[in-house]
Amino acid sequence: MIYKGIAASEGIVMGKVFLYTKEKVQIERDTIHKGTTTVEMEKFNDALILTKEQLSNIRKKASNELDEDQAEVFDAHMMILTDPVFLEDIKKLIEEERINAAYAAEKTVNKFIDIFQNIEDDYLKDRRIDIKDVGERLIRNILGISVDSLQSLNEKVVIVAHDLTPSDTSLLDKSCVLGIATSIGGKTSHTAIMARSLEIPAVLGLGNILEKVKNDDFVILDGIEGELIIDPDENQMRVYSSKLKGYTEKRNRLQRFIDLPAVTLDGKKVGLNANIGTPEELTAVISNGGEGIGLYRTEFLYMDRTDFPDEENQFLSYKEVAEGLKGKPAIIRTLDIGGDKNIPYLNLPDEMNPFLGWRAIRICLDRPDIFRTQLRAILRASAFGKVRIMYPMISAVDEVRSANLILSEVKQELADEGINFDKDIEVGIMVETPGAAITADIIIPEVDFFSIGTNDLCQYTLAVDRINEKVSHLYQPFHPGILRLIKNVIDVSHRYGKTTGICGEIAGDPLASMILIGLGIDELSMSPSAMPTIKRIIRNVSYEQSKKVAQHALMLSETEEIINYAKESARDFLSKED
Amino acid sequence: MYSQKIIVENEEGLHARPAAKFVQTGSKFQSGITILKGQKKANAKSILQVMSLSITKGTEIIVCAEGPDEEQAVLTLIDLIKGNFN
Chain A
1 MIYKGIAASE GIVMGKVFLY TKEKVQIERD TIHKGTTTVE MEKFNDALIL TKEQLSNIRK
61 KASNELDEDQ AEVFDAHMMI LTDPVFLEDI KKLIEEERIN AAYAAEKTVN KFIDIFQNIE
121 DDYLKDRRID IKDVGERLIR NILGISVDSL QSLNEKVVIV AHDLTPSDTS LLDKSCVLGI
181 ATSIGGKTSH TAIMARSLEI PAVLGLGNIL EKVKNDDFVI LDGIEGELII DPDENQMRVY
241 SSKLKGYTEK RNRLQRFIDL PAVTLDGKKV GLNANIGTPE ELTAVISNGG EGIGLYRTEF
301 LYMDRTDFPD EENQFLSYKE VAEGLKGKPA IIRTLDIGGD KNIPYLNLPD EMNPFLGWRA
361 IRICLDRPDI FRTQLRAILR ASAFGKVRIM YPMISAVDEV RSANLILSEV KQELADEGIN
421 FDKDIEVGIM VETPGAAITA DIIIPEVDFF SIGTNDLCQY TLAVDRINEK VSHLYQPFHP
481 GILRLIKNVI DVSHRYGKTT GICGEIAGDP LASMILIGLG IDELSMSPSA MPTIKRIIRN
541 VSYEQSKKVA QHALMLSETE EIINYAKESA RDFLSKED
Chain B
1001 MYSQKIIVEN EEGLHARPAA KFVQTGSKFQ SGITILKGQK KANAKSILQV MSLSITKGTE
1061 IIVCAEGPDE EQAVLTLIDL IKGNFN
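First to last, the sequence lines map onto chains A and B. For what it's worth, my numbering labels the leading residue of the first sequence as 1, then goes sequentially. For what it's worth, my numbering labels the leading residue of the second sequence as 1001, then goes sequentially.
To be clear, the hints were calculated from the coordinates, so they are not data collected in a lab. Glycine included, C-beta positions come from ideal geometry on N, C-alpha and C. None of the hints are false.
Pulled from the structure, derived: some chain B residues nowhere near chain A, Cβ distances all over 12 Å:
(1) 1001
(2) 1002
(3) 1038
(4) 1064
(5) 1075
(6) 1076
Computed Cβ-Cβ distance ranges for the label pairs, DEER-style:
(7) 1036(B) / 369(A): 25 to 33 Å
(8) 1037(B) / 402(A): 34 to 42 Å
(9) 1069(B) / 369(A): 29 to 37 Å
(10) 122(A) / 1005(B): 26 to 34 Å
(11) 88(A) / 1036(B): 17 to 25 Å
(12) 1037(B) / 176(A): 49 to 57 Å
(13) 1068(B) / 46(A): 31 to 39 Å
(14) 327(A) / 1068(B): 55 to 63 Å
(15) 107(A) / 1069(B): 29 to 37 Å
(16) 56(A) / 1059(B): 28 to 36 Å
Listed below are several chain A residues computed to face chain B (Cβ distance under 8 Å; list not exhaustive):
(17) 83
(18) 84
(19) 112
(20) 116
(21) 119
(22) 120
(23) 124
(24) 307
(25) 345
Based on the provided sequences and hints, a complete structural model is requested.
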């Protein structure tokens, strides 16, 4: 049977299933004899010590391998385990009501979950997840059921789970994981990011997959199409074996391009950069031949946590990226929250049109405290590598001026404190509103570079919500209006001796490459796995020929015509074997 | 017994990190410490009880302590709230 999910991390694998379920443990209530309460108390105390040990081990492991913010989840768990009221309640049930330790713990955990369930505040209400998570660990330890089965995989398997939490993935023995399939999650979920950074193929959002699959079932996982095939028949085996072979060959062929420069046949250099969300993804950037980071999305630092990350916390992540690139540049985008990305502790109001609402630079200019902390952290990291700053969601020049003013104040502050930073740090904006694209000539004197965010630019220019199925077909990055805006932005930047990059999805689309090169784009930034394909194209086309393609594309009136023309122009190199 | 009234002024109230800091600070004292919010009360050394009071910006609370270091305990916690948990 074939099950369709979300392709979250590229690759095809075949292997045996390892079912990772956190089945609910059935706990019976036993009344214990007066004399044996001490036995139950001992069981509880031993389990408590063991649980604390496990947590501090995971905490250590997590802070080495994951983000510090993800590691902080375990601090919250630890606080619950030292909560005097929580512990007293369990002990009272054991000693006074003579209830067995496991049941006493479960009853107390549930009592607190109920209390938090009734809290109105969403953030606090969600803390019941922490209580549940740590409570389950404690109860399993009382019952002597192993908690950390992911730690002790001894053969290569495809993990199938409902979801993998940070505490699960921090324990994974990565060398034994062929692939990951989960019931929930999407392209930007924790599991997806982790899988991509480790280059483990993953299909997420498979729904009730746990009911369909058993331990040791043979499966094919296709992280390109987003499919999981359970118990494939002969025909499917044949199809996928050849697909896997083709994929491996293509990867190997593309491998040859990794160390070659991204220049056209006639010698024009096109910067080939990667988009990342966490420092862990650097490995994939370097192994795929990235020349730098064109977009470091800092939002993930702010997510899955209970409060704003402090300056030190942010600094460590930015520094890791700056140092890891060994002199190659990294564009760090300041906080782009709002729209479809929320952080609970910011208490964003419900809005009629969140994409047109309080988001990104608008929040940062209204809440300079948040903005300053981030700018300080970025500036401090600039002493450790080549860092550039980028403001998102700019719609007019005054926003750039306001942001730059704050930046110059923060620089002065750091200078006064004697802290090192790159005094000539370059600043740019993400061009993603029509307002910014059309007034590029007004904005350019204030910045060092432009980077076009084609996803949002397309959404705002064409007035299309691409998540809305009824209108998503209108979302067309090849729309003549989008091409004209891109051309305007590039031309303006070049007139001022500055550069323009693209960090939207179109940068990694092989069909768009010739047009973008022909329009004179300086840098393309995409997911690390797309880089070898695009580099191959860059090396197989000439700038002169691309210019003609771009000029012709700009004269066409319909999106469909432009796409067909792009396909036609790309046919030669798309079909060409190297 | 020693007690003092205060209005919580920081943006996030006694959420997350402020709550954790409050509880950690309170736990350093020998005295029993209680927070009162209207009719509800919480043991100030219990993160679960403190969070379950759901203290938001602008909430008036009373911090009281009883024990050998009661006065110092209350004053320290009040200072922490006044200083926005920094």
